[in-house]
Every structure is written in C-alpha cells, then in structure tokens.
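My request is simple: use the sequences and hints to build the entire structure.
These protein sequence lines are chains A and B, in that order.
The first sequence begins at 37 in my numbering and counts up by one.
The second sequence begins at 322 in my numbering and counts up by one.
One should not assume that every hint holds.
Using C-beta positions, here's what the derived DEER-type ranges look like [unchecked claim]:
1) P678/B to R208/A: 53 to 61 Å
2) G488/A to D358/B: 39 to 47 Å
3) H462/B to V379/A: 25 to 33 Å
To give an idea of the interface, some chain B residues facing chain A are shown, with a C-beta separation under 8 Å as derived from the structure [as the list claims (entries may be wrong)]:
4) F361
5) A380
6) A406
7) R410
8) I411
9) S415
10) E417
11) F432
12) G433
13) R476
14) D550
15) Y552
Just so you know, the hints here were simulated from the structure itself, not pulled from any lab data.
Keep in mind the model is a prediction, meaning the values are calculated, not measured.
Yeah, the Cβ is synthetic: ideal placement off N, Cα and C, and Gly gets one too.
Letter by letter, the chains look like this.
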Amino acid sequence: MTATGVAVEPPVAVDPMVRARRHLPPLFLLGASGAVAVVLLAPLVFLLIEASGAGAGTVAHLIWRSLTATLLWNTVRLTVVVTALCAVIGTLAAWLVECTDLPGRRVWAVLLVIPFAIPDFVVSFAWASISTWVQGFQGAVLVMTLAVYPLVYLPVAASLRGADPGLEDTARSLGLGRVRTFLRVTVGQARGAILGGCVLVALVILAEYGAFEILGYRTFTTEIFTEFQISFNVSTACALALVLVVLGCVILGIEPLARAKGRAVRTGAQAQRARRRHRLGRATLPVHAVLGALVVLALGVPVGASVYWMFAGGVPFLTGVSLLDAGWHTALYSGLAAALATVLALPVALLAVRHSGRGGRLLERSTYLVLAMPGIVIALAISYFAERYAGGFGYQSAALLIAAYAILFFPLALVGARASVSQAPVAFEEAARSLGRRRDEVFLKVTLPLIGPGLAAAFCLVFLACATELTATLILVPTGVQTLATQFWAYQQNLSYGQAAPFALVIIAIAAVPSYVLARFFDRRPGRVGAAS
Amino acid sequence: MPEPDAPAATEGLTIVGLHKAFGDHAVLRGVDLTVPDGAFAAVLGASGSGKTTLLRILAGFERPDSGVVAVGGVILDDGHHHLRAERRRIGYVSQEGSLFPHLTVAGNVGFGLRVREGREAVVAHLLELVGLGGLAHRYPHQLSGGQQQRVALARALAVRPRIVLLDEPFASLDAGLRASVRADVLSVVRRSGATAVLVTHDQEEALSLADMVAVIRDGAIAQVASPRDLYESPVDPELASFVGEANLIEGTSYGSTAETPLGWLELGDGHRPSRQRITVLVRPEQLRVTPAAGGGPGIAARVVETGFHGHDSLVSLVTEDAAAAPMVARVVGGMRLDPGAQVTIKVAGRVHCWPRPPAGQAGPEAPAAGSEVPTAGSEAPAASP
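In structure tokens:
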C-alpha cells in the first residue's frame, strides 16, 4: 500500500501561560526549507513543461475524449464508494475498540491495524487468485475497502482516545439518548479525524496501480501506466496525469475544512479521567463475529492465499537466491531514500514547529502538494526530466529511483520529523545555553538525543513505505535489477502464483511487524519519548 | 552612535534605558534598574507588563532594541553588541523547569559542569542543598513539580552563576506546595551567595521573598523599594491597589495631620502644605474594628459583607454619615461580624498620602472645597481623572 502521512493531531489543552513568541526564522532554515519545497514541487513543474511542450491544443484534444470520461467515471465512483465504506467501517471499529467494554480490545486493536501494512497489490493478488468473482468494479471495492479502512480507523481511534469523556456525560445530562449522543458528540468530536482519514483513502485510491491492474479495473493511474510504459505514448500519459493531479488537489482541498472547524479546548490542567466504557451486553458475541469476519477478510485471506500457493505450487530451488538478491536491492534503495527523505524533512519540520509565522506555514503547506502527486506521476515526471535534460544519463538509474521515493514519501517523513522536533522545545536549548554550553554542544547533547528516536522512527516509516512501493519502482528500477515488489510483480503477471507467493509473504512480514512497533512508538504519551532509556 | 551613559562600575546588575518591541508592540519602554551584588530582587508586574521579556533579555535569549545591561561593571548588551547567552554566566530557571527529559537528575544538575573530576561531589552537594539527596538517578518525569523546580535551581547554581533569574518558578505548583518550595529556594539562593532576580505576578510572593521589589508597569519600572516601603509608601494610588488591598480616602492635609471622613489622621511622610487636597492610603489592617456602635472613640460603620479566610477575615464596611465607597478592614478570623452589624472603626498608626491633582482649573483657589472635605468622598470620581 502506498502509505500516506497520517497526520493525527491530538487535542491540546490550551495553556494560557504559554505565550506564543514570534521569532523570525533563521535565514539558513528558510533557505533550506525553500530548497526542499523546490525539489518536492519539481515533478509538477516538469509535468507542466512537458504538457506545454505538447501544445495546449494537443493536450486539450487528448483530455476531451470519451476515454477520459470513462476513466473519470471509474475513478470517481470507486473513490466515493470505497471512501464511504471505509468511513463507516473504520469509525465503528474504532468506537468499538476505544469506547466499549469489548473483551480482548488490545488484540483487536492490533489485528484491525495490520491490514494497513499489507500492500494493496498483495491483497488484490490474493483475492484474485482464489476467486474469479473478485474483479472489475466489485472486486476493486472489496479489495480496496479491506486494504485501506485502517487509514480511517487509525486517526479516529487516536482521536477518540484523546477525546474528553466528560463531553459524553454532559450530553447525556442534557437529555440526549445513547444513539444521539454517539452521533452528535462522539462522532462530532472525531469528525476531523474521520474526514482526514477519508482524504487519505481517496488519495490512495487515486494513486493505486497494482491492485487495479490485477483486477482488470481501469482508472487514470492504470491508463497512464499503460500509455507510458507499454505504448510509449508520453503525451497522452502526461495529459491524463494532469487530470489526476487536479483530482488530487480537489481532494486535498477538502482537508483544511476538516481542520478549521472547532478545536478541542479544555479548561484546567487536571489529569484526564479514565473513560467509562459503554457496555455491549448481549451484543458482545455478534460484535466479535463481525470484527472476526473483517479480520479474516482483510488479513486472513491475503496471508492464507499466499501460504496456500507457496505449498500448492512447490517452491523452486532458485527462489531463495532471487529472494536474497531482491531483498538486498530493496533494502539498499529504501534505506538511502529513507535517509534522504528524513534529512529533507528536518528543516521543514523545524520551521513549522518552532516558527509558526506565515512564511513557514506557507512553505509547509506547499510540501503537502506532494500528496496530490501519485507515484506514477512522480515517476513519469522524473523519467521525463532525466531523458530530456540529463541526456538519458540518469534514466532508470538507482539515483532517480531513490529521489522519486524520497519525494513520494516526504509527507510521511515530515509527520515523523514534526513529532520528534516537538519533543525538543526551544526552552531546553535556552536552558542549556544559560548553563554555558556552546550551540554545537547544545545540539549534540540536548537537541539530538531528544529528536533522535523520533527521526529514527521517521526513517523506518519511510523505509517500509519504499520497500513495499510498486508503481514508481516498476518505471524507474535500474535495468536488470529486481526488488521484492518488482520480482513479485513479474511472477504474478506470468501467473506463477507459487513463485510469487513467497515474495508476497516476505513483503507482508517486513511491512507488518515493524509497522506495528512504529504505531506503538507514535502512540506513546507525549513527554515520554526519549525519557525511558 | 551616541554612547549611552556608561554604568557605574558597581557590583551586581545594572540596567539602563532598556527598550524592546515585538513588531509594532512596544513591550519595554525604558527600563532602569540596579540590583546590588548578592541581593534577592523581585520584579513584580501584571501579565503582559513585560517582565518575562526583561528576564529573557537579561539571560541573552532576546536582544534589546536599545539600552544597556551590565553585570559587575561588564557590559553584556548595549543594543549593538550582544554577549551570547552561554557566555554570560547568568542562570535561568523557567516556569516549567525545562529539565532535560533524556537525562537523570544527576545528569541535569551536572550538565553545565565541564570538568570531569569532582563532578559527582559537586552534584551530590547541590542535591543535598536543595533537599533531594536520594533522587540522583531518577528521571524528570518521575519527580513532582516541586522537585523538578528544585532540580532546575540546582542545575542553574551548579555553574556558579553571577546572577540567577527565576521566571515565575512557583506559578505551576499547587498552593500547598508553593510555600515550602518558595522557602527552600530562598534559603538555597541565599546560601549560594548569587544575586537573584525573581519575576512574578504574585505580590505576596514578591513581598515575602525579596530584599527589594521593582514594580514593572506598561514596560517601565514604576517603583523600586524594599517590600515594607513599597507596601507602606507606594508612589501612586494605582500602585497601592496593585500591591495589596488598599482603602483610598479623600482628605485635606494640615501640616503633619489630615482631616478625612475617618477623622483626623497622622501623616507618615513629613509635612504637607496646609489645605492641600490629598488622597490617603489606609491598609485594611490599619482599620481597627470594635464590635457594637459607640464602643469608644471612632467612626460608626455598618458591616456589608464578610469574607472569611480562616486566619483572618476581610470585612467590607460603610460609614454611617456619607454614601462613601465601602472600605475594607482586616480582622482576626475569630471575630464574627455578620452583615448589618454595627461597629466602630478607628485608624491605627500613620498613613501615607499623595497630593491630589487639582480638580479642574479652580483647584488651588478653592478654599471652600477644602473646608468641606468630610463630604468630599462623593466628589472623588469627578476629581480622579
């Protein structure tokens, strides 16, 4: 799955004693962040240059045809249906786990999140390999809903966990029944998280290639891929990519609406009371059955089908060697890309957290535009750039793939970097300097130890996202090299399910386990990160 | 570049003409202050008065627009040259303590020490000093708020600063804890011999801890005095009300006495010209309240309201003879005075006064007004602007 930044901002008790002090950001920080923004937005510029090279008339001609209408209809209806389903499933599941006395909540919380880590194309492969019903529109709805509902579940669960239980009590005391309390207060408090999750779901669907290719469902992304990679029809691919970016921007435009409306405020700094959980009573068993079914469909089928094919097909001897080779390249590219993305994210995070002026906010917001650029678009723009300006030198070189990864997953790195930078308020550095420590010493002895763990976590997040990326990898991977994802893809396309299955399982394993650990890391109470060692 | 007056080479802290603005908003408008070596000074001000900005400039975290900051005759800041925070040897204890969360208590206290040998002994000694001997290996999140502030103080004192700045260090503590932490901090700072500057909005804290109190108002120092002088002789009525409870009464001076609605009062600060219109400050504890009317000499009054505080009560009173504003008296908690009760009040001791600005143009040539002072209370609102 193309993991996207899950920006969960817990409600903050407003402390009147903390006065916002405006500092002008240092020039080097502004300069570095500006450079990062330029790098991130470069693909968009390349795309526009390419389109204008083809001529406005040609582009308009390519866009105004029935194919575009078909693709638009396919993309939009799938996005709407899957987003709605994810909103309902994700919100209800989060409420059941966080707000009721459901037995085994901790286990459910883990099982419900793991499908997040399984790449969409693996889920799609597993379902398509066991049933011919799973294809086209209905197949895409099933697969995508099961693969991405955690994008709603995760922020909503975090929001419900941080929500003030006193508000529900207040609503009940004002005469609202259970159901109306749930709809008006509980969902109301979480509506920002729900909307935010839905935006991420929609963006993932716009960007998805592998899953739809397997299911034979045509969207903008699959069509761009076909035009560019198979028909070498760059102008058409480019025109369609423009439409895709516009769609992404429209969806991104919804996101600020979720943020602007209402913020949690709480007077007093007293510790939050423990939540009184709703009793499920006789509903306990049916709820277990429903959640169990969800986990079987989202987690059981992909894992089960892969295991089945591995044994049914009989694993050939050479698979082990190619696994090692592909694994090495995956680790190499992902590691370098994660390091690059983290380094790029740090100045922007510092600017955004410490200098919340207008310039800093604008810069940070501009980097969000990356979210509207699916992997296919970034890969397209970068390969075009390489061919046109670098004389074909870099095309399908490792450097381009790493750059594409770093740009694609920058928002993810930024989420991690922001979280870690907010662990190191300026007050700590000021205290250190008043104790006679020079700036370099302060950075090494105070700032770095405080933000280090968070940066490491951000690195891991990006590493995992890169390791399971398929679309951009297929276009930019150096000739003759296979990564885990591309090797899986090659076998899968030959219908060599037995050979594809071990790759699917390895991808699931490397994505799921660390994702769980990382989720726990970011879930820890603020103020504790880095304090435990 | 006009050379500002070089501060006299006194010990301690000298601040001359300090200005600072954030954008269009002037926060400090010419602050002058001198703190003698080894003194414990308090800067008292309402929120938004600029006191924290002043402290941050002293620490070197902010740069002043103009003005001079000097310590022991050495200029740290003059609006052009700026000595960095790490070179100033000025300790800073913030409101939250700002303990490094990744270091133990011992790691925090020893953070500023550069030498390796003897480090443990110094840290242990300081922790002993602040009464946290056994907690060297705890992490900050395992400490209570009061303990965190003590560690922050020990950390600041470890590097033997010339000045310790305390930025409302007790504000985030529970009321019960505050008194004991305050007392401990005071004794620790005294024993360390460092000059200390405490910033606070709590007048009780400033009066009880400091040798000298500087009241900051609208970005400038309104008065610097010992706590006793500040309380008894504030520079103007507004300051009198800011530092404690105050009854402000109109009167007319005759040499060292004054005629007021509360009778003839003795003035504390020397002679006043005869027949000058004045405002008299009567602190609540200067009002002696005797239950029952006609209980000896004094003015008859009626109790309006009683605020019970345990150890004492604040009683709101109106005098019988005029529709004057209610007055507040402090009585011991055991005295029971219900609303409506008749009492006799009398002012004890000398009182402080200020000449009143002339009312309109007619001020000085209005002897008639002077003789009618007993009823002048009702004129007060008209006269004050």
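Determine which of the earlier numbered hints do not hold for this structure and return their numbers in increasing order. Failing hints, ascending: 4, 14, 15.
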